[in-house]
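Chemist: Okay, here's what each chain looks like letter by letter:
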Amino acid sequence: MVTQSATATTSAQDARVEQKIQKLRELYADAPEIGRAALEKGLPMLTEELAAAPRSQTAGRIGLRQGKVSELIVFLPFVKGGAKRLRSFLQLLEGNFRAADAVGTVHDMRFVFVDNDTKLLFATAYDGDFDAYIEDFAAKIPNAMDLWLSNCEGYPGMRNPSAAKDWIANHQIAAEAWYVNSPNLTAAETRRLEHVGKAFEEFLDKVG
Amino acid sequence: MNANLNPVPVSKPPQGANEKVEQLRKLFADAPQLGRTALENVLHELRSDSSETPPPPVESAGRIGSRLDKVSELTIIVPLAPGGAKRLRAFLRLLNGNLKRGGDLVGTLHNMRFVFFDNDTRLLFATAYDGEWDAYIDDFVAKIPDYLDIIDSAWDGWPGIRDPGAKDYLAKHQITAEGWYVAHPDLTVAETARLKRIGKAVDELLDKIGN
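Protein chains in written order, with my numbering: chain A, 47 to 254; chain B, 1010 to 1220.
One chain only, chain A, in its complex shape:
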């Protein structure tokens, strides 16, 4: 019985994957030659992913999440003079943001000036849900946030977290696909593993 239902599940799954492959072929029928050729060669590798259960989840209000790690990207129009000020500010800090260590849930964060310095692209990888993340910023580094984002139009300030969240969500665009190499590691868990790794090396040294 168990074997039978397992077989039934497998064949249902195979049929589903087959359908998806069919769709992909239709989709790429009018793609450039590079894309069509790549699809045919890449299909064996894709089969596994097509069969896998959905992995991308939502980060709450907006954005994607993989396991414990979420993504956020916003395009923020600069106020007049804002791009010049933020750039000089970042240069004075030599591109460094120690302040973000205090947040504790940030994996990475980038500031990119786009469209001839008319917009700031801010992109980050972080732990958990959108609301909690912005609240972390508001609670822990409101001044740093204000220094960065006061250069952008309409920024209400981090001392008004609810308005700041609305403002960010309004400018955010959810990713269509999101990959994380270690989706089950929060920033805090990574810190713990670093400690464990260090203690382990010391232990081995002592044994040796």
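Keep in mind the hints are simulated off the structure, nothing from the lab.
For every residue, glycine included, the Cβ atom is placed at its ideal position computed from N, Cα and C.
Take these hints with a grain of salt, some might be off.
What the hints assert, rightly or not - Below, a list of computed lysine-lysine pairs in the DSSO-like style, where the Cα atoms sit at most 30 angstroms apart:
1. 130(A) with 1029(B)
2. 1079(B) with 130(A)
3. 126(A) with 165(A)
4. 130(A) with 114(A)
5. 1209(B) with 1181(B)
6. 1176(B) with 165(A)
7. 1095(B) with 1181(B)
8. 186(A) with 1035(B)
9. 130(A) with 186(A)
10. 1109(B) with 69(A)
11. 1181(B) with 87(A)
Unchecked claim - Which stretches of chain A does chain B cover? Using the computed rule of at least three CB atoms under 8 angstroms from a CB of chain B, they are:
12. 173-184
13. 208-214
Unchecked claim - A short, non-exhaustive set of chain A residues, derived as facing chain B with CB atoms under 10 angstroms:
14. 64
15. 107
16. 131
17. 225
Let chain A serve as the given structure and place chain B on it in line with the hints.
Modeler: Same frame as chain A, now just chain B:
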């Protein structure tokens, strides 16, 4: 200055803390009120920060992009070919946004995202990865060329990953981040994997001792 082979995109000669504070004040003199207040609030922190041993500077990832210690950033914005957005979005949705197998195969990739914007006329491709730009692109070419071409064939003017012009195309559309933060800049993907194994082994060991 160090005899540095790589250009450093954003760093400047070391300056005294007071000098920096003065520059910041000037910079924010005509900032919105929020920014001016925030600056005064943090000036003492910045003063102590800049007088301490500085953290590792943000450096160049090689041809283009920023790197903090071992982890680099790549941010690419490309125009989409006619029909490209529709095809790529449908492709990513068929995968349920799941790029696990392809991403894992690269071996040097921390994270990666695809974002459509400007009414589907442009695509943002942003990744965090280990080490140097050239080696990273070579990893993609060596390990998942077809996977990449299935995606990139939606990009306007994409020559194909096996084409000698592929790297030039990528570099041309890449914009170097002017600020780049990584929580664990000393951890490569491989080192993280090793730490996970050690963590597991230590937990098992402790369990055995406890029994």
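Chemist: Next, verify each hint and record whether it holds.
Modeler: Hint check:
At most 30 angstroms may separate the alpha-carbon atoms for a hinted pair to count; residue 130(A) and residue 1029(B) meet this at roughly 16 angstroms. Simply put, residue 1079(B) and residue 130(A) have alpha-carbon atoms about 29 angstroms apart, close enough for the 30 angstroms limit, and the pair holds. Of the supplied pair hints, the one linking residue 126(A) and residue 165(A) holds, its CA atoms being roughly 11 angstroms apart against a limit of 30 angstroms. For the suggested pair residue 130(A) and residue 114(A), the alpha carbons sit about 36 angstroms apart, so the restraint of at most 30 angstroms is broken.
Straight-line distance between C-alpha atoms of residue 1209(B) and residue 1181(B) comes to about 43 angstroms, which puts the hinted pair past the 30 angstroms bound. Pair hint residue 1176(B) plus residue 165(A) holds up; C-alpha atoms about 26 angstroms apart against a cutoff of 30 angstroms. For the given pair, residue 1095(B) sits about 24 angstroms from residue 1181(B) by alpha-carbon distance, which is consistent with the 30 angstroms threshold. A hinted pair counts as satisfied when its Cα atoms are at most 30 angstroms apart, and residue 186(A) with residue 1035(B) qualifies at roughly 26 angstroms.
A C-alpha spacing of about 26 angstroms is found between residue 130(A) and residue 186(A), which places the hinted pair at or below 30 angstroms, so the restraint holds. Restraint check: the Cα-Cα separation between residue 1109(B) and residue 69(A) comes to about 20 angstroms, which is no more than 30 angstroms; the hinted pair holds. The hinted pair formed by residue 1181(B) and residue 87(A) meets the criterion: a straight-line CA distance of about 27 angstroms does not exceed 30 angstroms. Closer than 8 angstroms: that is the beta-carbon criterion, and the segment 173-184 of chain A has 0 residues meeting it against chain B, so the requirement of 3 is violated.
Look at the segment 208-214 of chain A against chain B: 0 of its residues bring a Cβ nearer than 8 angstroms to a Cβ of that chain, fewer than three, so the hint is violated. Interface restraint check: residue 64(A) against chain B, minimum CB-CB distance 12 angstroms, threshold 10 angstroms, status violated. Interface hint status for residue 107(A): violated, as the beta-carbon distance to the closest one in chain B is roughly 17 angstroms, over 10 angstroms. Hint status for residue 131(A) relative to chain B: holds, with the closest Cβ pair at about 6 angstroms, below 10 angstroms.
For residue 225(A), the suggested interface contact is upheld, since its CB lies about 4 angstroms from the closest CB of chain B, less than 10 angstroms.
Violated hints, in rising order: 4, 5, 12, 13, 14 and 15; the structure is consistent with all others.
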